[in-house]
Amino acid sequence: MNDLSFQTMSRKQMAERLARDIPEGWYVNLGIGLPTLVADFVPQEREVIFHSENGLLGMGPAPTPEQADPWLINAGKQQVTLRPGGSFFHHADSFSIIRGGHLDLCVLGAFEVAQNGDIANWATSAADNAPAVGGAMDLSAGAKRLWVLMEHTTKDGQPKLVETCSYPLTALGAVSRIYTNLAVIEVTDRGFIVLEMVPGLTLEALQAQTGAKLHLPG
Amino acid sequence: MNDLSFQTMSRKQMAERLARDIPEGWYVNLGIGLPTLVADFVPQEREVIFHSENGLLGMGPAPTPEQADPWLINAGKQQVTLRPGGSFFHHADSFSIIRGGHLDLCVLGAFEVAQNGDIANWATSAADNAPAVGGAMDLSAGAKRLWVLMEHTTKDGQPKLVETCSYPLTALGAVSRIYTNLAVIEVTDRGFIVLEMVPGLTLEALQAQTGAKLHLPG
Amino acid sequence: MINKVVRDMAEAMAGVQDGSTVLVGGFGSVGQPDALIDGLIEHGAKELTVVANNAGAGRIGLARLLELRRVRKIICSYPRSAGSVVFEELFRNHEIELEVVPQGTLAERLRAAGAGIPAFFTPTGYGTLLAKGKQTAEFNGKPCVLELALKADVALVQAELADRWGNLTFRLSGRNFNPVMATAADLTIVQANRIVDLGGIPPETVVTPGIFVNRVIEVPVDGASVQEKAA
Amino acid sequence: MINKVVRDMAEAMAGVQDGSTVLVGGFGSVGQPDALIDGLIEHGAKELTVVANNAGAGRIGLARLLELRRVRKIICSYPRSAGSVVFEELFRNHEIELEVVPQGTLAERLRAAGAGIPAFFTPTGYGTLLAKGKQTAEFNGKPCVLELALKADVALVQAELADRWGNLTFRLSGRNFNPVMATAADLTIVQANRIVDLGGIPPETVVTPGIFVNRVIEVPVDGASVQEKAA
Chain X
1 MNDLSFQTMS
11 RKQMAERLAR
21 DIPEGWYVNL
31 GIGLPTLVAD
41 FVPQEREVIF
51 HSENGLLGMG
61 PAPTPEQADP
71 WLINAGKQQV
81 TLRPGGSFFH
91 HADSFSIIRG
101 GHLDLCVLGA
111 FEVAQNGDIA
121 NWATSAADNA
131 PAVGGAMDLS
141 AGAKRLWVLM
151 EHTTKDGQPK
161 LVETCSYPLT
171 ALGAVSRIYT
181 NLAVIEVTDR
191 GFIVLEMVPG
201 LTLEALQAQT
211 GAKLHLPG
Chain S
1 MNDLSFQTMS
11 RKQMAERLAR
21 DIPEGWYVNL
31 GIGLPTLVAD
41 FVPQEREVIF
51 HSENGLLGMG
61 PAPTPEQADP
71 WLINAGKQQV
81 TLRPGGSFFH
91 HADSFSIIRG
101 GHLDLCVLGA
111 FEVAQNGDIA
121 NWATSAADNA
131 PAVGGAMDLS
141 AGAKRLWVLM
151 EHTTKDGQPK
161 LVETCSYPLT
171 ALGAVSRIYT
181 NLAVIEVTDR
191 GFIVLEMVPG
201 LTLEALQAQT
211 GAKLHLPG
Chain L
1 MINKVVRDMA
11 EAMAGVQDGS
21 TVLVGGFGSV
31 GQPDALIDGL
41 IEHGAKELTV
51 VANNAGAGRI
61 GLARLLELRR
71 VRKIICSYPR
81 SAGSVVFEEL
91 FRNHEIELEV
101 VPQGTLAERL
111 RAAGAGIPAF
121 FTPTGYGTLL
131 AKGKQTAEFN
141 GKPCVLELAL
151 KADVALVQAE
161 LADRWGNLTF
171 RLSGRNFNPV
181 MATAADLTIV
191 QANRIVDLGG
201 IPPETVVTPG
211 IFVNRVIEVP
221 VDGASVQEKA
231 A
Chain P
1 MINKVVRDMA
11 EAMAGVQDGS
21 TVLVGGFGSV
31 GQPDALIDGL
41 IEHGAKELTV
51 VANNAGAGRI
61 GLARLLELRR
71 VRKIICSYPR
81 SAGSVVFEEL
91 FRNHEIELEV
101 VPQGTLAERL
111 RAAGAGIPAF
121 FTPTGYGTLL
131 AKGKQTAEFN
141 GKPCVLELAL
151 KADVALVQAE
161 LADRWGNLTF
171 RLSGRNFNPV
181 MATAADLTIV
191 QANRIVDLGG
201 IPPETVVTPG
211 IFVNRVIEVP
221 VDGASVQEKA
231 A
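Chains as they are written, first to last, in our numbering: chain X, 1 to 218; chain S, 1 to 218; chain L, 1 to 231; chain P, 1 to 231.
Just so you know, the hints here were simulated from the structure itself, not pulled from any lab data. We put the beta carbon where it would ideally sit given N, CA and C, even for glycine. Don't take each hint at face value.
Per label pair, the in silico range of CB-to-CB distance [as the list claims (entries may be wrong)]:
1. P/Glu42 - L/Leu129: 48 to 56 Å
2. P/Asp18 - X/Asp128: 30 to 38 Å
3. L/Phe139 - S/Thr188: 21 to 29 Å
4. X/Gln207 - P/Arg72: 46 to 54 Å
Calculated lysine to any residue pairs in the SDA-like style (CA-CA distance at most 25 Å, straight line) [what the hints assert, rightly or not]:
5. X/Lys77 - X/Glu66
6. L/Lys132 - S/Phe111
7. L/Lys151 - P/Phe139
8. X/Lys77 - L/Glu204
9. X/Lys144 - L/Ser20
10. P/Lys132 - P/Leu146
11. P/Lys134 - L/Thr136
12. X/Lys144 - P/Asn140
Chain X stretches covered by chain L per the calculated footprint, using a threshold of three residues with CB under 8 Å from any CB of chain L [unchecked claim]:
13. 17 to 27
14. 81 to 91
15. 98 to 108
Build out the structure end to end from the sequences listed, making use of the hints.
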C-alpha cells in the first residue's frame, strides 16, 4: 500500500499522535487494543486521568514485577497500577461515569466509521450471533467526545472510512475525530474534513484509500 | 370516648404492642412521630436492624450526652447512635433499599386507612399546595410490609379506618396491618379483619368507632 | 497539574448565572453546605431554581437566599418543616413556585441525571396527586409513573475530606444527598472540612470520585455549629 | 442474634432451585466467586439462566458449569473472550441460548432491579441490532431505548471482608459487578476472603450494607490463584 512518496505511521506513532491532542485534566477511557497504547505517550507530568470501565479512575501504567497485584486489572484484563488520587467503584457507578457524559474523551478502535459519525466496531456481520459488545455501545453513546484510532484501510486495502457502515452499528453519529496511520480527520456536518496527513501524502492519494468524500477545512 | 368497660392503650403501649410482632432479623424503617417510639420496645438482644432514609442502617437509640454527635441524625432530624455493624450510604442508595423491596417492614402513622389498604398520611387536603411528603410515598410503595400505627379515631371521634380515603392518597393498597389504641387489624382482600382488641372491648363497640365493616378471622 | 482547590469563595462561585438550577446538599442542617450558600448569596445570582430536601429554616442560609427573593422555584420533598417560616411566607404570597417530589423519586431523578438515564419508571406516587399528568405504564402487574432526570447547572456540596483531584468522603449522616447531587450538575462546587494531599484518601474509601467535582474550597465545620443549627 | 455466616457450602447453596436465574460477579477472573460456582456445580441445580459479564474461560468454574449442561441461557456483554472455548462450542451446537447486553446496560438493569426501578430509558444501543424490537422514545432530542430491570433468584458474590450481618467490602478492581449483583437477587450468597467481627468494618467504608446479603461463607482467595486464572 505504501508508495515511494510517503511513510505510513506505525501503531506507536498513531498512539503518540493522538496522545498529543489530549490536554491536561481530561478524563479519558481508552478502548481495548491499539487505543490502550495511547496512555504510554501521555507524559506523567501532564495529568490526564484514565478511566477503566471495570471500576477505576486514575489508572497508571503496567506494574513493575514488585508493584504487580492480580486484583488490579483494566478492562482489557491486563494488570495495571493506580496513581495517587485514584479510586475504585462498582460497575453501575462506573457506567454512570460513562453514560452520564462525564468522560471528556473515549478512544476506540473500529471496523468502519461513516461520514455522519456512525461507528461499527463490535460485530463483523449481522449473522454473527455471539458477538462481544462489552462497553463499546455505552462508551460511544456516553462520552463527551469519541475519537477513533485505527488503520486507514483494512489489511487487504478496503476503506474503513465510508459513506455508510456495512457492519452492524455500535452507535449513530458518535464519532467526532479519526486518527489513522495516514491522517487526522474531523467528522462534521459537512462530512470528513482532513486536518492532517502524513508528510508526502496528497489529498488525492488519501481519497483513493477512503470510501467517502474528503474535504479540506474552511 | 372511653366507656367503663375497657381501657384504651397509651402511645407507649401501642408502640410496645407493635414491637412485639417484629421478629429478630427484620430490617425496619420507622416513620417520624409515634412509629419512632417502637424502637424503644425492641430489646437490644433481639437484633432488629433499623433503617433511616437519610442514609443509615443499624440505627441505635438516642445518644447519651457523651455519645452525642451532631453529624449523626435520623430522618426525624433527632440525634441517634449507630450500632456495631451499622453503615452509612447516600440518599439514592438509601432509597434503593426502600424502593427495591429490601425492607421487611415500614411503620407509618396515617390520617386514614381504607379497607382496601389505601393510605393517606401526607396532606390534609388537595387544596393544600405546600404539603410535605418526605419519604412517605416511597416507603409505602416500596417496603415488603406496611403497618400503620395510629389512634383508632381522630381527636373529635371521627373514624380513621374508612371505606374510602377522603384525604389525598399516599399509596394505593399498601397497608397490611393497623395497630391502634383499641385493636390490631389486618387488611385483607375481604377488608378489615380484627385480630385483637383491648380487653373488655366488644366488636360492636369497635365497629361503632370504625368507618368500614369489620370482620372476624376465619 | 490538576488543582480543583480554589483560593476563595468568589472563585468558587465564578460564572454562576442568573436563572440557574442549583442543587443544595444536606438533610436538614447536617451536611448542608452553609458556607457555599452564603457564597451564593454574596455572588448575587437570582431567579434560581433550587433543589433541596428542605426549604430552609430560620432566616439564615437557604432561608436567607429565599428571603432575598433570589429563588424563583424550589423543588423539594419536605418544604414545610420546623422553622421554614420564610418559605411559608413567600409561598402564601405566591412569591415562590413549589414542586413537591417524593424523597426517593427526588434522589433517583438526580441519580438518573448523573447516570445518563433521561427517564425511569417507578411505582412511587402512582395514583396520587404527585403523579397527576404523568405518563404511566404497568410492569409485572405493578402500575408505575414515568419520572424524568433532574439535571442541574450547579451543585453545592458539603464533604468531609477532599483532595486536589476532587475526590471526596462524607461524615456520618452528612453524606445524604451530597454524593448524588455531585453527579447531577455541570458545575459541582464543594466545601470540604479538610483538604488532604492527593492519595490521602484510600482509593477504596473514596465516595465521590473527583470526576464529578469541579471546585473545592476548605471550610472547617465544627460539630457545635451543626448542632446549633439542627436545634 | 443475626448470623448470616453459614457452616459449609451445602448450607450456602441450600434451596437453590432448577430453573433459577443466577448472577455471577467478577470481571474475568478478578472478583469471580469461584468457590461458590464450584458449590453450585456440586449442588446440582440445572436449567439455569446465568448472568455474568463473561461466559467463562478454560474448563473450570463457570465454563465447567456450562460444560455440564446446567445452563440453559447466558446473559452477558462479552461472551467471546480468551479461552471461552466451552461457551463457543455449546453456542455453535445450539445447546445454549445467548442474550448479549451492552455492559453498562447490563450493570444498570441489575442496579434497577435492586433499586425497584422496573424500566428505564437509555441512549445506549439505540439504532443497533441490540435494540431491535425494543420500545423507543426521545428525550431532549436524544433517541433512547427502554430497558427492563434484570431481577434474579440468586446472586453469587465475591467480597474481601464480611461480618455476620452481611456487610461487605471489596478488593481493588474485584469490586466490579459484585455490589450491584448483591442488590438484585432474592438470595445473595457471598464468599468473603475474611470474616470479621461485627463492627470490624468501619461504618463509612461499608460498600454493600448487610441488608442485601443472605449468606456468607469464608473462602480465602490468594493472589497467586487469581493471577493464574487471569493469565
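Check: Falls inside 46 to 54 Å, the C-beta gap from X/Gln207 to P/Arg72?
Finding: With Cβ atoms ~52 Å apart, the hint holds.
Notebook entry, point to check: Does the alpha-carbon distance linking X/Lys77 and X/Glu66 stay inside the 25 Å limit?
Noted result: With Cα atoms ~19 Å apart, X/Lys77 and X/Glu66 stay inside 25 Å; holds.
Check: If you check the beta carbons of P/Asp18 and X/Asp128, does the distance land in 30 to 38 Å?
Finding: Holds, since P/Asp18 and X/Asp128 (Cβ atoms, about 31 Å apart) stay within the stated range.
Item checked: Hinted pair P/Lys132 and P/Leu146, Cα distance within 25 Å -> holds, 11 Å
Check: According to a criterion of three or more residues whose C-beta lies within less than 8 Å of a C-beta of chain L, is the region 98 to 108 of chain X covered?
Finding: Result for this restraint: holds, n = 6.
Checklist line | Assertion that chain L covers the region 81 to 91 of chain X - criterion: three or more residues, beta-carbon distance below 8 Å | finding: Per the Cβ count (7), the hint holds.
Item checked: Check of the region 17 to 27 of chain X against chain L for coverage (Cβ-Cβ below 8 Å, three residues minimum) -> Holds, because 3 residues of the region 17 to 27 of chain X bring their Cβ atoms closer than 8 Å to Cβ atoms of chain L.
Note to self: Just to be sure I understand the hint, the distance between the Cβ atoms of P/Glu42 and L/Leu129 should be within 48 to 56 Å; is that true here?
What the structure shows: holds, 54 Å
Next item on the list: Would you check the hint for P/Lys134 and L/Thr136, treating anything up to 25 Å between C-alpha atoms as holding?
Entry: Distance of about 18 Å is within 25 Å: holds.
Notebook entry, point to check: Do the alpha carbons of L/Lys151 and P/Phe139 lie within 25 Å of each other, as the hint requires?
Noted result: It holds: about 13 Å lies between the C-alpha atoms, which stays within 25 Å.
Note to self: Checking one constraint from the list: CA of L/Lys132 to CA of S/Phe111, max 25 Å. Satisfied?
What the structure shows: Holds: L/Lys132 and S/Phe111 sit about 21 Å apart, inside 25 Å.
Next item on the list: Mind checking the hinted window 21 to 29 Å against the Cβ distance between L/Phe139 and S/Thr188?
Entry: 25 Å Cβ-Cβ, so the 21 to 29 Å window holds.
Consistency with the previously given hints is maintained throughout, with no hint failing.
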